[in-house]
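Student: Protein chains in written order, with our numbering: chain F, 1 to 260; chain Y, 1 to 216.
Because the hints were derived from the structure by calculation, they are not lab data.
Backbone N, C-alpha and C define an ideal beta-carbon position, used for all residues, glycine too.
Honestly, I wouldn't trust all of these hints.
Reference listing, derived: stretches of chain Y covered by chain F, where coverage requires no fewer than 3 residues with Cβ under 8 Å from a Cβ of chain F [what the hints assert, rightly or not]:
1. 69–81
2. 88–97
Taking CB as the label site, the calculated pair distances span [what the hints assert, rightly or not]:
3. Y/Ser63 - F/Glu16: 51 to 57 Å
4. F/Ser73 - Y/Gly44: 32 to 38 Å
5. Y/Arg54 - F/Arg53: 38 to 44 Å
6. F/Asp130 - Y/Ala180: 55 to 61 Å
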Amino acid sequence: MGIRGTAGMDLAWTVEQDGGVSLVRCRVHNDEAVPRRVRLDSRLDGPVLPPRRAGVPERGWDAGGVVVRLAPSESRGVGFAAVADSVEPPVEVCAAEIETDNARIPGESDQSLAVPAETPPLTAIRTLGDHRPPRETVTDETADGSSGPDTKTDRPDDGDGDANGDGSEVDGDDAVPTAVGEWLDAVADRVGRAERLTDADLDAATDVVKETNGVDGVSDLRRRVETDAERLRAVSDRTAALAARAESTDVPIEALERLA
Amino acid sequence: MILAVAGGKGGVGKTTLAYNVAAALDAVVVDTDLGMADLPSGRGPDLHDVLAGRADPIETLRSGPVEIVPCGRTLAGARACDLTRLESAIGRIERERGTVVLDCPAGRRSDAGVPLAVADASVLVASPRAFALADAVRTRELARELDAGLVGCAVNRVVEEPPTETIADALGAPVAVVPADPRVGRSVEDERPVVDNAPASDAAVAIRDIVRRVPR
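Could you build the full structure based on these sequences and the hints that come with them?
Tutor: Written out as structure tokens, the structure is:
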């Protein structure tokens, strides 16, 4: 946590570091009685990863920082991440000027305070709904071979899906489909129970709670299903990307055979 | 010149119209329907690859009676598309080939909006049904916001005389009536544009009528 005041601008920040990525949160306050425009620059040694909507950086951001407009006495919170170690301070007020009714006199004001122009396609992307088909639909498309050949479904909910080395870690030699199949079966079992509990009546819920070793078991189930959802998404993203790459390959076997 | 062929509703014949309008304009037609591509595809790279940064737009041109930029068929490919790349990709094809027709997806999400934002002008396609007209009116609003001037509306697959004046009033644009004609329906699949295949047909006349209003 740090605080700094520069020329009528108060800046406070916190930095969190996790796995090589620094997350910077700052709050900037305009102390003056006039609207002002301020540029905050990252001091971290890596490109700024700005907040995005539908894949497009929010307005005002570029690779070095952000330009914000502040009404008199207004405060704004901004944040970004960067793949870099944190430094103190992580941000600095690089320029601040009085906002002049949007009309900017060329040559007279600091170029670094210009907000990047908004093109119609960017406006469309930002203001209209996300075009991407939902992840779930992509999973269906790519996970058709998921039901493994041998399905030992009698395992309880402590299958190998919960430990950190889950089914994605290949421990057997060519046991990949079996491991993946087992993991998915364990997940399907948990999701099935969670589904039965969703909007369930008392009788149905009692049955599931009994099966799941009481209320503690149910709270455990909920946590696990949340983790399952995250993992399934991650796997789905990866398999979808791999499938797309696999589809776009074209091994020129005829040409190679001719050359051999 | 970049012309968007749009219309809020699916299944009204946007792809067929886009293909035939492109033929009459001697233009390239780009399938921008990222999730439900309709124009014939090929074996090479497609628009999904371009928007994922894997291919140059020029590599995707597929020759034929009308040059086509096909679109990928997978949902994973659609998910991987970065729409911010569309403007420069279409701009590149325009510089290379002159006129580009964009076959837009249905709906009013960003995948329908961005082609309109990229286009200089637009043509709306509606079926003679009232609800299709309602969708066309909403898409007209979107085209207006995104600055794709409306040059006309094609009322497609007309069997009975449609209320042309009502439609023209609702959309504030001239209306061309494209009669139901199996040659139009088959033109994309057969890759035989009706303006070449049946130049004297009413459908071909209607398409040339639309094309005359396109600024060039």
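Student: Could you work out which of the previously given hints the structure breaks and list their numbers from low to high?
Tutor: The structure conflicts with hints 2, 4, 5 and 6, although it agrees with all the remaining ones.
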